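If you read the sequences in order, they're chains A and B. Going letter by letter, the first sequence gives residues 157 to 356 in this note's numbering. Going letter by letter, the second sequence gives residues 157 to 356 in this note's numbering.
There could be a bad hint or two in this list.
Claimed, not checked - According to the in silico footprint, chain B covers these stretches of chain A (three or more CB under 8 angstroms from chain B): (1) 160 to 170; (2) 174 to 185; (3) 191 to 197; (4) 202 to 208.
Claimed, not checked - With a straight-line cut-off of 30 angstroms between C-alpha atoms, the simulated DSS-like cross-links for lysine-lysine are: (5) B/Lys226 / A/Lys165; (6) A/Lys165 / B/Lys179; (7) B/Lys165 / A/Lys226.
If you're looking for bench data, these hints aren't it; they were derived computationally from the structure. Keep in mind the model is a prediction, meaning the values are calculated, not measured. Note that beta-carbon positions come from the ideal geometry of N, C-alpha and C, so glycine has one too.
Protein chains: 2
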Amino acid sequence: MLHISALEKLVHELSRLPGIGPKTAQRLAYYILRSPSEYSVRLSEALHRVQAEVHSCPSCFNYTDNDLCKYCTDPHRNNESLCVVEEPSDIMRIESSGAFRGRYHVLHGTISPLEGIGPQNLRIQELIEKLSSDTRQVREVIFALDADLEGDTTVLYLTKQLTGLGLKLSRIAHGVPIGGNIEYIDDRTMSRALDNRVEL
Amino acid sequence: MLHISALEKLVHELSRLPGIGPKTAQRLAYYILRSPSEYSVRLSEALHRVQAEVHSCPSCFNYTDNDLCKYCTDPHRNNESLCVVEEPSDIMRIESSGAFRGRYHVLHGTISPLEGIGPQNLRIQELIEKLSSDTRQVREVIFALDADLEGDTTVLYLTKQLTGLGLKLSRIAHGVPIGGNIEYIDDRTMSRALDNRVEL
Numbered sequence: 157m158l159h160i161s162a163l164e165k166l167v168h169e170l171s172r173l174p175g176i177g178p179k180t181a182q183r184l185a186y187y188i189l190r191s192p193s194e195y196s197v198r199l200s201e202a203l204h205r206v207q208a209e210v211h212s213c214p215s216c217f218n219y220t221d222n223d224l225c226k227y228c229t230d231p232h233r234n235n236e237s238l239c240v241v242e243e244p245s246d247i248m249r250i251e252s253s254g255a256f257r258g259r260y261h262v263l264h265g266t267i268s269p270l271e272g273i274g275p276q277n278l279r280i281q282e283l284i285e286k287l288s289s290d291t292r293q294v295r296e297v298i299f300a301l302d303a304d305l306e307g308d309t310t311v312l313y314l315t316k317q318l319t320g321l322g323l324k325l326s327r328i329a330h331g332v333p334i335g336g337n338i339e340y341i342d343d344r345t346m347s348r349a350l351d352n353r354v355e356l
Numbered sequence: 157m158l159h160i161s162a163l164e165k166l167v168h169e170l171s172r173l174p175g176i177g178p179k180t181a182q183r184l185a186y187y188i189l190r191s192p193s194e195y196s197v198r199l200s201e202a203l204h205r206v207q208a209e210v211h212s213c214p215s216c217f218n219y220t221d222n223d224l225c226k227y228c229t230d231p232h233r234n235n236e237s238l239c240v241v242e243e244p245s246d247i248m249r250i251e252s253s254g255a256f257r258g259r260y261h262v263l264h265g266t267i268s269p270l271e272g273i274g275p276q277n278l279r280i281q282e283l284i285e286k287l288s289s290d291t292r293q294v295r296e297v298i299f300a301l302d303a304d305l306e307g308d309t310t311v312l313y314l315t316k317q318l319t320g321l322g323l324k325l326s327r328i329a330h331g332v333p334i335g336g337n338i339e340y341i342d343d344r345t346m347s348r349a350l351d352n353r354v355e356l
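Bound-form chain A, shown alone (with noise of 0.2 angstroms):
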């Protein structure tokens, strides 16, 4: 039986994450060993905390390790608005850009037929639970879902359901980029640019 040196195992481990290919998991592994070995013990432990204690927020379904997520507990932010968005690694990224002060709840997904995946795989009955509630306060849903086909059949899916509840439903607005040089812009973002054209 052909023997697998540590070294070869955490190089292994290391190159199934993504974007990390052989070359770069073989650098991070002698990196790994050149570090005092307190590192790697930070990093075991880190990893065992996030599994231990990291779980779904029971209300928006965000990443927490307490009771409920920080979104849902800070009494600063607004409870009128709602971002529906697919994963937690979005709420950051709507966070960083400082433009929404309202409550996230996350899918965990997109409806993607050819995959497998139907409203029932996702978080789409706890939403539209929240939704319908008597002590209901949002009064407009956002989604923030990804511009391809998996993103605007949840859109329209979602929109079905939720039409009657008297709420406002928008959808972030996908065109060019700032900064973003028209010349290189592709087909289909230049065309929803255009369709959602805002007056000036």
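Starting from the known structure of chain A, fit chain B onto it as the hints suggest.
Just chain B now, kept in the frame of chain A:
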């Protein structure tokens, strides 16, 4: 006191790895969270094993988890040539070329007066002892060190120390890489390629 969440801690530890910025670290941490928990257990174990099992080979100072490393114990390798490298990772690079079948010696750095690294901080004494031994089989020493100031200084120093031992000393060629476009080669590489031109 600011509470550091388990996720922030993992992002922080990952972002200390070379070439991993805060955004990549965040992406990796989210990937780890989404993965089944066995992955982070396996990664932790691999980190632990590397620290517990991997040490320097007492003969060549490559990393190994056995008494001697696999290049020192391989009976099919040529005992007459010894390749001197800076770091254990350089051995993998040379091995993957398939062009060298001798033994190795890892210095673990190069002489760098600016960083306060002298010959006594490297595995130079051990190299000299190995090559001065009566039972020596080595006939040629090949220096495969970087072509920078520190590499040049180290080659110069070692050449001085090893002269008189009846060894053939050589250094790997530096020049235009295979497939490299001459138009884009820097001055120092071109100057070295001209100096070391090979007669046809």
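Consistency of the hints with the structure:
1. With 8 residues having a Cβ less than 8 angstroms from any Cβ of chain B, the stretch 160 to 170 of chain A passes the three-residue criterion, so the hint holds.
2. Here the stretch 174 to 185 of chain A counts 8 residues with a CB under 8 angstroms from a CB of chain B, which clears the bar of 3, and the coverage holds.
3. Only residues whose beta carbon comes within less than 8 angstroms of a beta carbon in chain B count, and the stretch 191 to 197 of chain A has 4; three or more means the coverage holds.
4. For the stretch 202 to 208 of chain A, the stated coverage by chain B is satisfied: 7 residues place a CB nearer than 8 angstroms to a CB of that chain, which reaches the threshold of 3.
5. Pair hint B/Lys226 plus A/Lys165 holds up; C-alpha atoms about 16 angstroms apart against a cutoff of 30 angstroms.
6. At roughly 26 angstroms between alpha-carbon atoms, A/Lys165 and B/Lys179 fall within 30 angstroms of each other, so this suggested pair holds.
7. For a cut-off of 30 angstroms, the pair hint linking B/Lys165 to A/Lys226 stands: about 16 angstroms separates their Cα positions.
The earlier numbered hints are all upheld by this structure, with none contradicted.
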